[in-house]
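Line by line, the protein sequences give chains A and B.
If you count the first sequence from 1, you need to add 267 to reach this note's numbering.
If you count the second sequence from 1, you need to add 267 to reach this note's numbering.
Since the hints were derived computationally from the structure, they do not count as laboratory data.
Any given hint might turn out to be false.
When chains are identical, the list treats them as one kind, so a pair holds in a single copy or across two.
Simulated pairs of lysine-lysine, DSS-like, Cα-Cα distance not exceeding 30 Å [what the hints assert, rightly or not]:
#1 Lys-575 - Lys-468
#2 Lys-442 - Lys-469
#3 Lys-482 - Lys-469
#4 Lys-536 - Lys-482
#5 Lys-443 - Lys-363
#6 Lys-529 - Lys-443
#7 Lys-443 - Lys-575
#8 Lys-443 - Lys-482
#9 Lys-442 - Lys-575
There are 2 protein chains.
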Amino acid sequence: MADRIPSDAPTPAPLLVVGSVAFDNVITPFGEKEHILGGAASYCSFAASYYTQVRMVGVIGNDFGEEHLERLRSRGIDLEGVQRDDSGPTFFWKGKYHENFNRRDTLDIQLNVFENFRPDLPESYLDSDYVLLGNIHPALQMHVLDQLPGDPFVLADTIDLWIDIEREALLALIKKVSLFVINDTEAEELTGESNVILAGKKLREMGPQSVIVKKGEHGAILFHEEGMFSLPAYPVTELRDPTGAGDSFAGALIGRLASRGKSDYSSIKEAMIYATCTASLTVEEFGCDRLESAGVSAIAERAEDLLKMISPR
Amino acid sequence: MADRIPSDAPTPAPLLVVGSVAFDNVITPFGEKEHILGGAASYCSFAASYYTQVRMVGVIGNDFGEEHLERLRSRGIDLEGVQRDDSGPTFFWKGKYHENFNRRDTLDIQLNVFENFRPDLPESYLDSDYVLLGNIHPALQMHVLDQLPGDPFVLADTIDLWIDIEREALLALIKKVSLFVINDTEAEELTGESNVILAGKKLREMGPQSVIVKKGEHGAILFHEEGMFSLPAYPVTELRDPTGAGDSFAGALIGRLASRGKSDYSSIKEAMIYATCTASLTVEEFGCDRLESAGVSAIAERAEDLLKMISPR
Numbered sequence: 268m269a270d271r272i273p274s275d276a277p278t279p280a281p282l283l284v285v286g287s288v289a290f291d292n293v294i295t296p297f298g299e300k301e302h303i304l305g306g307a308a309s310y311c312s313f314a315a316s317y318y319t320q321v322r323m324v325g326v327i328g329n330d331f332g333e334e335h336l337e338r339l340r341s342r343g344i345d346l347e348g349v350q351r352d353d354s355g356p357t358f359f360w361k362g363k364y365h366e367n368f369n370r371r372d373t374l375d376i377q378l379n380v381f382e383n384f385r386p387d388l389p390e391s392y393l394d395s396d397y398v399l400l401g402n403i404h405p406a407l408q409m410h411v412l413d414q415l416p417g418d419p420f421v422l423a424d425t426i427d428l429w430i431d432i433e434r435e436a437l438l439a440l441i442k443k444v445s446l447f448v449i450n451d452t453e454a455e456e457l458t459g460e461s462n463v464i465l466a467g468k469k470l471r472e473m474g475p476q477s478v479i480v481k482k483g484e485h486g487a488i489l490f491h492e493e494g495m496f497s498l499p500a501y502p503v504t505e506l507r508d509p510t511g512a513g514d515s516f517a518g519a520l521i522g523r524l525a526s527r528g529k530s531d532y533s534s535i536k537e538a539m540i541y542a543t544c545t546a547s548l549t550v551e552e553f554g555c556d557r558l559e560s561a562g563v564s565a566i567a568e569r570a571e572d573l574l575k576m577i578s579p580r
Numbered sequence: 268m269a270d271r272i273p274s275d276a277p278t279p280a281p282l283l284v285v286g287s288v289a290f291d292n293v294i295t296p297f298g299e300k301e302h303i304l305g306g307a308a309s310y311c312s313f314a315a316s317y318y319t320q321v322r323m324v325g326v327i328g329n330d331f332g333e334e335h336l337e338r339l340r341s342r343g344i345d346l347e348g349v350q351r352d353d354s355g356p357t358f359f360w361k362g363k364y365h366e367n368f369n370r371r372d373t374l375d376i377q378l379n380v381f382e383n384f385r386p387d388l389p390e391s392y393l394d395s396d397y398v399l400l401g402n403i404h405p406a407l408q409m410h411v412l413d414q415l416p417g418d419p420f421v422l423a424d425t426i427d428l429w430i431d432i433e434r435e436a437l438l439a440l441i442k443k444v445s446l447f448v449i450n451d452t453e454a455e456e457l458t459g460e461s462n463v464i465l466a467g468k469k470l471r472e473m474g475p476q477s478v479i480v481k482k483g484e485h486g487a488i489l490f491h492e493e494g495m496f497s498l499p500a501y502p503v504t505e506l507r508d509p510t511g512a513g514d515s516f517a518g519a520l521i522g523r524l525a526s527r528g529k530s531d532y533s534s535i536k537e538a539m540i541y542a543t544c545t546a547s548l549t550v551e552e553f554g555c556d557r558l559e560s561a562g563v564s565a566i567a568e569r570a571e572d573l574l575k576m577i578s579p580r
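Work out the full structure, taking the sequences as your base and the hints as a guide.
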């Protein structure tokens, strides 16, 4: 069994993760890597696998080799929900980050088998009490929720593309989620507020129980009925590839909650600490490599360090 | 006597503040104000006056009316060190902030009497154990230190101008300061590091006991022998004029330390909380107005709120 951060619950709850699986070509000031495993579902699942049993849902194409499945399996990830579509290759993205990583350009995008992806859940996933809806089309995110008979804790993530072209579907979705996670510029775009605090508050009025606005290297802010929690990011000094940082944050966050069977204010705050530390590992190497190999001790050490760094005493 | 935040020390130590006194014309997306009281020494002194007795040093010109002196006096600020130079008007600055306040242009600058300013200290200031060197020429900052017979706790601030044209003098100065405060872009410029964490660590190696890198709305990071402390900013939703935010931060920070007679790691961390809350008031109105009228209860309430917002429990 894959190693996991210890939890105070007798039995960690399994986590359903839905999202894209991709091959990425990534160019950063530190170099270029081709055809590396990526996509929201991959990053989310690897990150969450340090906390609880992951049930992964996604689609892979005819170019997706056994070695990649084995990487996921070796982290204990349940792949029953991963569909293979032999009609074409896996979703492909090529992007370039500029100096200081404050901007990225998409150079190429090929949906391939992802174009016809429909996230139908295996029977064995239907009892999931924790659900991570990675940043896919909001109608597909809603389709996942429609299949779940219970009342799970749902974290949803999104990207600016859906704010631009599927705003209504996105607004319908976020009404139904427990925790909506979004980055600062997207939060401002979706709400029309140019202040991140006002944007976060407004998003919460749109339906979700809680909202987390991510600010990259500047941390994240939780907006909750019981208050606001502002957490600095774990200080990264060896940034190599920011791809998947947000997905790793989301995966670790809800993975931690699932592992403890909790979702209250205090538990979300605690999970955010693990989330930023997990994401800090992801960005130190290209793709999922560092995240995959980090091990629980690296995460636990960073969590302890970060707790000290935010302590006012 | 001006109201002050209560301190746990029997007698707050007085604080020496040296810097520019100015009249500013400020243009922001919220409007335009002319000939308002500004300058580092003004903001620093008003901010520090909520914590301890301030001894102010600066120069004012023939256009500096009694009403402005009275504003400072009514906050209990000792003006013995403020020199009047009737040969010309007070230092003048005109600046414009753009949408989102992420950039400002200096439209006009007239040194006036500030050009011949030499911060000679009155005899009564020489026993100051806490010293704030606002962002004036590093040679003038050094001149202040040279007059002080004791071994005071010294906070120094700077601006990019001195990094550009007086780098050597600045490097000589920061060797002698206890706490060097600088903003993120300036820290990167001074050290050549593009990562704020690496920049902060490198600055500390240049001599000061501690370094605080200010990140504006994203908070501030303290680099100290005993560790790093990362503090989010107090969340401001009514930003009107960012002028003086950094000076208010510095003034409140060392004002709080002086009021407690402390300068250890834990005390600097505690003072940073008061500093960001004090600065958050400054930026809600043009000039010193909101800072001047805030009152201790507004600061104390924000400090309590911020402590809750950063608590992971």
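Now for the hints, and whether the structure bears them out:
no. : hint              : in the structure
1   : Lys-575 - Lys-468 : both (28 Å within a copy, 17 Å between copies)
2   : Lys-442 - Lys-469 : within (13 Å within a copy, 47 Å between copies)
3   : Lys-482 - Lys-469 : both (17 Å within a copy, 25 Å between copies)
4   : Lys-536 - Lys-482 : both (16 Å within a copy, 23 Å between copies)
5   : Lys-443 - Lys-363 : neither (34 Å within a copy, 44 Å between copies)
6   : Lys-529 - Lys-443 : within (18 Å within a copy, 51 Å between copies)
7   : Lys-443 - Lys-575 : between (36 Å within a copy, 28 Å between copies)
8   : Lys-443 - Lys-482 : within (24 Å within a copy, 35 Å between copies)
9   : Lys-442 - Lys-575 : between (36 Å within a copy, 27 Å between copies)
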